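Going down the list, the sequences are from chains A and B. Residue numbering for the first sequence follows the working numbering, beginning at 5 and increasing consecutively. Residue numbering for the second sequence follows the working numbering, beginning at 8 and increasing consecutively.
The hints are simulated quantities; they were obtained by calculation from the structure and are not laboratory data. On a predicted model such as this, the values are computed, not experimentally measured, just so you know. Cβ coordinates follow ideal geometry from the N, Cα and C atoms, glycine included. Treat each hint with caution, since some may be false.
Computed list of chain A residues with no C-beta within reach of chain B, every gap over 10 Å [claimed, not checked]: (1) M5; (2) R34; (3) Y57.
Heads up, incomplete: computed chain A residues facing chain B, CB under 7 Å, no partners named [what the hints assert, rightly or not]: (4) V33; (5) A37; (6) V39; (7) C40; (8) A45; (9) A70; (10) L78.
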Amino acid sequence: MNAWAAAALVLLAAAMPVCLWVAARGSAVRRLAGVCLLSTAVGAVFLVLPQAYQRSSYQDLALMLAVLSPAGTLVFTRFVVGHSYEHDSTGAHRHGSGSGSGSGV
Amino acid sequence: MTDSHVLWIEGRMMAGHVLVLVLLWAGVAFVLLSVVALARFGDTFLRLHALAPAACAGVPLIAAAVAADQGAGRAAVKTLLIGLLFAAGGTVTTIALGKASWQAERRERE
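Let's have the full structure, built from the sequences with the hints guiding it.
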């Protein structure tokens, strides 16, 4: 096991369970912090593993995750806020904040 | 090639390897710092602070380690771009999370 594989193992063993734990408990907004850090930790693992296995083409996964994970978190954030606004059932409040145009899915 | 040249080249390779290891484990330490902070902080807004070390220091340092290991070239530029994307994306998502947390807290007060 080289240093890259050891770093990936440390990230997988230490970071993933804690992030999953945070993402599984609390209110919807509080869970998003765990999801955000989880995507960052997975990105770090995807950066390290291609060096461990000497397969540089695997680094495209990290590139895709770097582009898609912020977009995914932003979509989740919008759905969470939109879902809460749907349950408010006050149209004026929904239009007043300027961020509740989503249907909440 | 004389012995001094060989020693100089070996010393330079060793220094590069040490630099890669220092960057790699510094990045891993920043990610673990974020994880510990996320587990310890209870407040929603404090948790937003916990996201910063991993996104803005941890992943870019790991990307710098990978780029230093790859050497000068297009692959290293791509790796550094990935680290930069993670730093920028983490900042943007933290801003969005802060806004969502603020709106959720305001609704709870009302």
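Consistency of the hints with the structure:
no. : hint : verdict
1   : M5   : holds, 14 Å
2   : R34  : violated, 5 Å
3   : Y57  : holds, 13 Å
4   : V33  : holds, 5 Å
5   : A37  : holds, 4 Å
6   : V39  : violated, 9 Å
7   : C40  : holds, 5 Å
8   : A45  : holds, 6 Å
9   : A70  : holds, 4 Å
10  : L78  : holds, 5 Å
This entry does not satisfy hints 2 and 6, going by the numbered hints stated previously.
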